[in-house]
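Engineer: Chain by chain, the residues run as shown.
2 protein chains.
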Amino acid sequence: MGLIVQKYGGSSVGDVERIKNVARRVCETRDAGNKVVVVVSAMRGETDRLIGLAKQIMKIPTEREMDMILATGEQTTIALTAMALHDMGIPAVSLTGAQAGIVTDGVHTKAKISNITPERIHGFLEEGNVVIVAGFQGQTPEGNITTLGRGGSDLTAIALAAALKADLCQIFTDVDGVYTCDPRIVGNARKLNEISYEEMLELASLGAKVMQSRSVEFAKKFGVIFEVRSSLNTNPGTIVKEENPSMESVVVRGVSLDKNQAKLTLFSVPDKPGMASRIFKHLAQASVNVDMIVQNVSHAADSPATDLSFTVEKADLAKACRVIEDMKGEVGFSELVSDEDVCKVSIVGVGMRTHSGVAAKMFETLSEGSINIEMISTSEIKISVVIRLAEGEKATQALHDAFIEI
Amino acid sequence: MGLIVQKYGGSSVGDVERIKNVARRVCETRDAGNKVVVVVSAMRGETDRLIGLAKQIMKIPTEREMDMILATGEQTTIALTAMALHDMGIPAVSLTGAQAGIVTDGVHTKAKISNITPERIHGFLEEGNVVIVAGFQGQTPEGNITTLGRGGSDLTAIALAAALKADLCQIFTDVDGVYTCDPRIVGNARKLNEISYEEMLELASLGAKVMQSRSVEFAKKFGVIFEVRSSLNTNPGTIVKEENPSMESVVVRGVSLDKNQAKLTLFSVPDKPGMASRIFKHLAQASVNVDMIVQNVSHAADSPATDLSFTVEKADLAKACRVIEDMKGEVGFSELVSDEDVCKVSIVGVGMRTHSGVAAKMFETLSEGSINIEMISTSEIKISVVIRLAEGEKATQALHDAFIEI
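These protein sequence lines are chains E and S, in that order. First residue of the first sequence? That's 1 in the working numbering, and the numbers climb one at a time after it. First residue of the second sequence? That's 1 in the working numbering, and the numbers climb one at a time after it.
If you are wondering where the hints come from, they were derived from the structure by calculation, not from laboratory data. Errors might be hidden in some of the hints.
As the list claims (entries may be wrong) - In silico DSSO-like pairs for lysine-lysine, Cα to Cα no more than 30 angstroms straight-line:
id: 1; chain 1: S; residue 1: Lys110; chain 2: S; residue 2: Lys259
id: 2; chain 1: E; residue 1: Lys20; chain 2: S; residue 2: Lys59
id: 3; chain 1: E; residue 1: Lys59; chain 2: S; residue 2: Lys259
id: 4; chain 1: E; residue 1: Lys110; chain 2: S; residue 2: Lys20
id: 5; chain 1: S; residue 1: Lys191; chain 2: S; residue 2: Lys361
id: 6; chain 1: S; residue 1: Lys272; chain 2: S; residue 2: Lys259
id: 7; chain 1: S; residue 1: Lys281; chain 2: S; residue 2: Lys328
id: 8; chain 1: S; residue 1: Lys259; chain 2: S; residue 2: Lys281
id: 9; chain 1: S; residue 1: Lys220; chain 2: S; residue 2: Lys241
id: 10; chain 1: E; residue 1: Lys55; chain 2: S; residue 2: Lys20
id: 11; chain 1: S; residue 1: Lys361; chain 2: S; residue 2: Lys328
id: 12; chain 1: S; residue 1: Lys319; chain 2: S; residue 2: Lys55
id: 13; chain 1: E; residue 1: Lys112; chain 2: E; residue 2: Lys361
id: 14; chain 1: S; residue 1: Lys241; chain 2: S; residue 2: Lys281
id: 15; chain 1: E; residue 1: Lys20; chain 2: S; residue 2: Lys259
id: 16; chain 1: S; residue 1: Lys314; chain 2: S; residue 2: Lys59
id: 17; chain 1: E; residue 1: Lys59; chain 2: E; residue 2: Lys20
id: 18; chain 1: S; residue 1: Lys110; chain 2: E; residue 2: Lys20
Just so we're clear, the structure is a prediction, and the values are computed from it rather than from any experiment.
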């Protein structure tokens, strides 16, 4: 007998039938002798409907009121999920984020959980209830309703699992788990049985859509072991947990491809202290997220100048170009060239720490495929390269073949 | 400078344009130097949509969860109304029933307000905000969300006006106020400038759709003066307040017609103690509301038996007949006759207390129109008669002509 937190996302509770399906799964978990806390999102489409209503009233809706209206989405789902359990004869109680004791800071629409007082949940569990908690929301100490921003329901589940000292946290989604690569790109990609928090974080930041980084970071910080699995079948999913020595035997856990990159190059930037910081400060002020940065050594000792390349999301490219052009006089580069026809391919694995020659093998693999590398960036457990967009899928498959054991 | 509570019902906030219209009215009230608390209902149709969702999950949804889902309706409206004010540059804060300090008992779907702690509202008002409160809802001392049942938003407004010691409470609706009669029946019916709580209560119980009795009772109990007026124009409405001596100069305040009545007659009921109580106890247990009751004297001293007539709502007629037939052996009446072709016409006015001959004039008026009276029921400030359905409108017009000064 354990305490299990289960989270079901918007597509898992997308309509009445799916909510009944969730209730059946919850029921099975309970019948197996577990106490169950269920976290649900708003029904798919509901959040967009509410945002649409708000924008008809006000072009840029005020954030406190946005949270007030958005919070109704999950509140509807918790009531329906509790009813579906009642209809099966299972005692269940729904709680809003506020009622569940989820306290956040006051940054409306992207609040951070500051603490959870789970006494009420424990009380309802002791009475034999399944407890259904609205994901994505909480309240400030002053009693204002807040929402947690993108991926907020995952965060609610993992934070509750930590506060309740749950034995397991299950994140139900529409995929079977975390894969060695996107199966739409690499046909023989396989589901991982386990992955470390750090590898999961690198994959999240590389564009793998399974979970937001913040939820994984929260789980890592509080040591919450969680499983990512499908709500549409009963296959076991992927367990995400602290790195252990056996994980190091695998050099590369996964390969990822991010087609959403664009490259900018500033030629002949005067090689003076403070130049880079000035450029990237302006970009940050314009809310442009810069990913990889590469700067070469100076061309000549007498007239020191360098070429500076960096990548941004494609959606930010036009804005980034405007910011850079505006500061041409200030910085004094000779030319700005932007390039949308690039992509980023990465390999990730904690085993890289203890295995040498990983980068060499990666570059060799790409070279054998006649794929030219334009930029390189590395972290302790990740190597990323920027290449031509047209060669992205070929490169991903080649690296998957070279590094991943099937 | 005063404190005004304004309530806008579901049709007044039925769509985005109407919500903007409400915001403009609130703005005008504020510009006139008042502090404003606004109570809003769910957008028209929204409550039905939510009930429909719930019933797809569970035929008879559990009541705690029904309250959880229904409460989202008003929560959506308060956020949109606050945004509409923000869009006009007016500081405004939305509060759910729970956040506004509305505490109720635990009778889900028809909770009673037990007390209100208005400190938070006062705080926001002091800071210069318009405060928007979700009608129809509150929370129990244990923190469960409740709803107040039909007419709940009116009740919220009047209870808040009492708790805040407001100078005025305005109930905005889709009619101009309280009329001497339904203008669809009597063309020259006119709007009343004022009416006493008791007259308003009698009219409410007689089927006038303006307000539920419980809200008027609450206002009477706490001496809340309120105005019923239209959200679609700027005409002054009807002030509802404590009876005062000048009101007695008007004998009849209003005439009402209720076509939703059916009559049952039990012939030859044995005239023994306890018969009537037994009959009406069974009807009450079956949730049949009985309105008028008339019992004649016994037919003969040697075999005492009486005829018993009463009226119920048309929707309850079949059920009432079943209940009565089932107890035929127990009661021993000779025959049950039901009649749907009846209606009830009433005259109401506190002036009846001090004016004699009102009933005589009413019966004379009907007699002059060759209208036969089948049942009569009186209270201190009301006389009702049951007549043929086909003669209802004619009788209503005749009584209006006889009693109401235009």
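Engineer: For this structure, which hints from the list above don't hold up?
Structural biologist: 3, 6, 11, 13, 14, 15, 17
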